[in-house]
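Novice: For chain D, the structure is supplied; the task is to place chain Z on it using the hints.
Residue numbers (the numbering used here), protein chains in the order written: chain D, 1 to 104; chain Z, 1 to 153.
Worth double-checking, as some hints may not be accurate.
[What the hints assert, rightly or not] Pairwise CB distance ranges, derived in the manner of DEER restraints:
#, chain 1, residue 1, chain 2, residue 2, range
1, Z, Thr84, D, Val103, 45 to 53 angstroms
2, Z, Ile51, D, Thr20, 29 to 37 angstroms
3, Z, Ala138, D, Leu93, 27 to 35 angstroms
4, D, Ile70, Z, Ala86, 28 to 36 angstroms
[Claimed, not checked] Only part of the chain D face toward chain Z is listed, based on derived beta-carbon distances under 8 angstroms:
#, residue
5, Ile5
6, Ile29
7, Ile31
8, Ala38
9, Leu40
10, Gly87
Treat the hints as calculated values from the structure; they're not laboratory data.
Each residue gets a CB set at the ideal place from its N, CA and C atoms; glycine is no exception.
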Amino acid sequence: MDFVILSLVMLGIGVYGLLTNRQLLKVFISIELIATAATLNFVMLATSQGLGQAFLILAFSTDTAVSGVILALLVIVSKKYGTSDMGKIIQMLQDKGTSEDEVQ
Amino acid sequence: MIFEILAVGLIISAILALFLDEVIYSVAALAGTFFFVAFIYVLNGALYAAIFQFAVGIGTLSILFLSGEMLGDKPAKKTSVKRTGALVGIGAVLSLPAVFLSVSGSTTIAPDISIGDALWNVRGLDVVMQAIVILTVALGIAIVLFEKRKGGQ
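Next comes chain D alone, as it looks inside the complex (with noise of 0.2 angstroms):
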């Protein structure tokens, strides 16, 4: 059993969710899940426990503002959009781009 081996896992199958999903909620879970990852290298490789669980409390400040960046972001673009698929807005910005250059 190898704690490196398990974070390493996390931390990729964190990243492909990353790249593959659209939905603005899924990409938030991405990214906690990458922080959990992060942080449990943190406590299994500390030289000392208490400096792991140090480092552990400093990662989890991080992540928590960080998480509220991401749901401020969340909240304000489904309140703009409608909707918080990437794909959607995406698709609605270039509607929009298309739209304008046929007046202009």
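Specialist: Coordinates of chain Z only, in the frame set by chain D:
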């Protein structure tokens, strides 16, 4: 043996969290991921880490449940049992390297430092700097939302 079971559960719940169609079920699977990680911390003697994982996890999950219900798009069709089974199978296969392989190498074990010493004597400056950064981010978000609300009225 229990670590292997937890590792398999962790990878399967992570896969389900990402690839289930319904957002609510994804968040429930993410709750499972946080639970397995916290349990691994407890079994390794990192009790503070487990408590923080639970506390942060509960906060994140409650917000995700709410935003998933309010903002998430409803999928056209529900995830079939066959697809869920396939995802569980993929998760089990992906967890095999963590169970059977190991990376060789040695780490120098430092004399055990208590979490209080580690936080305040070794990383004290980091803690203060991060607190300033987080406070700035929180203020920034509050100002942006306030300006947006003001602009909307």
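Novice: Which numbered conditions among the earlier hints are violated in the structure presented, ordered from lowest to highest?
Specialist: 7, 8, 10
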